[in-house]
Amino acid sequence: MFEFAWPWIFVLLPLPWLMRILLPVADSGEPALKVSFLSDLEGLARRRARANLPAWRQQAPFMLLWLMLLIAAARPQWLGEPLPIAASGRDLLVAVDVSGSMDFPDMQWEDDDVSRLALVQHLLGDFLESREGDRVGLILFGSQAYLQAPLTFDRHTVRIWLDEARIGIAGKNTAIGDAIGLAIKRLRQRPAQSRVLILVTDGANNGGQIDPLTAARLAAKEGVKIYPIGIGADPEQSGTLGFLGINPSLDLDEPSLKAIAETTGGQYFRARDGKELQAIKDTLDQLEPVAQQPTQARPAETLYQWPLALALLLSMLLVARELWPDNPLHRLFTKDLFLQTQLPDWRERLKRLRLRRRR
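FYI, in UniProt numbering the residues of the sequence shown are 1 to 359.
Quick caveat, the hints were computed from the structure, so don't treat them as lab data. Take every hint as true, because none was put in to throw you off.
For lysine-lysine, the following BS3-like pairs were computed, each having C-alpha atoms within a straight-line distance of at most 25 Å:
| no. | residue 1 | residue 2 |
| --- | --- | --- |
| 1 | Lys-281 | Lys-258 |
| 2 | Lys-258 | Lys-221 |
| 3 | Lys-172 | Lys-258 |
| 4 | Lys-172 | Lys-185 |
| 5 | Lys-185 | Lys-258 |
| 6 | Lys-225 | Lys-185 |
| 7 | Lys-221 | Lys-185 |
| 8 | Lys-281 | Lys-225 |
| 9 | Lys-258 | Lys-275 |
| 10 | Lys-258 | Lys-225 |
The following label-pair restraints were derived from C-beta to C-beta distances:
| no. | residue 1 | residue 2 | range |
| --- | --- | --- | --- |
| 11 | Gln-305 | Gly-265 | 45 to 51 Å |
| 12 | Asp-112 | Gln-144 | 30 to 36 Å |
| 13 | Arg-298 | Tyr-146 | 26 to 32 Å |
| 14 | Ile-169 | Ala-60 | 46 to 52 Å |
| 15 | Glu-110 | Ala-309 | 45 to 51 Å |
| 16 | Tyr-304 | Asp-113 | 43 to 49 Å |
| 17 | Asn-206 | Glu-276 | 23 to 29 Å |
Ideal Cβ placement from N, Cα and C applies to all residues, glycine included.
Working from the sequences, and respecting the hints, build out all of it.
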């Protein structure tokens, strides 16, 4: 079925004409060109000549261009048949710390040293994409918390957005309380038995406006279970020092993360390397689904590119008409047809007429 996602865009259709009425006429500052022998031409043609086409024909290409732009802006789309979506699952938000310390390469995966964020992207990405029947979402937090992906069944897209996360994109600090608060805001409208937040961080709360334990109590009140994951090698295991010679693993506030998990009925996990994080992923996979109302989704194929391409092509033709005036398109839109078809030799006839008058 064909439809426009934003049909209200078409209320802008008369906008160019309203602007023409309300705005003053532009003055080119050049005098009009008067042809002294136009009456002679009219006599030869035995009809009244028109120097230009009617106004509607002059405006036709611009009207068509404006219409194509409006059609593209209204988001035309073709909706397919409704497809059933799994009626059981959890509403799962993953909040990932993207502060500067997450770039510390103290994690081991397949005998290679990788950064903390890279390991989280790899393993939690697989975890998110395997959550069949669950709505999943993504929060990135640093100095502030941002909803990168709302709750959706499109797990593959959420995986892509997690892979595209970059260090420092949300600031240098760690606002754990703000991340929990944002998750509560997004989960509170969902069924109480299915609200889950997985919180991945490697530090302590040193930013934001909400205290993590206060946010945890609010989460417990709203029925949100939080599963914190403290990531980073133990200080004695990692010989690599960070900025200013300090090991970032010393910043991990495990007591607060354990308190958050205990307050909300979740479970705290510690990931010191890739194997432990893999085991945590397997444990989280065992979260039992809960019954939810059945839903349906209709695949939509966007079609805006076709009217937009036509508008671009028409714009190029109009530009060509102005840059190269002596072309068939310019004659079609600006000159009177009868001067070309009825009187192809009007200059010669005018010369003969002037010679007769001199005699």
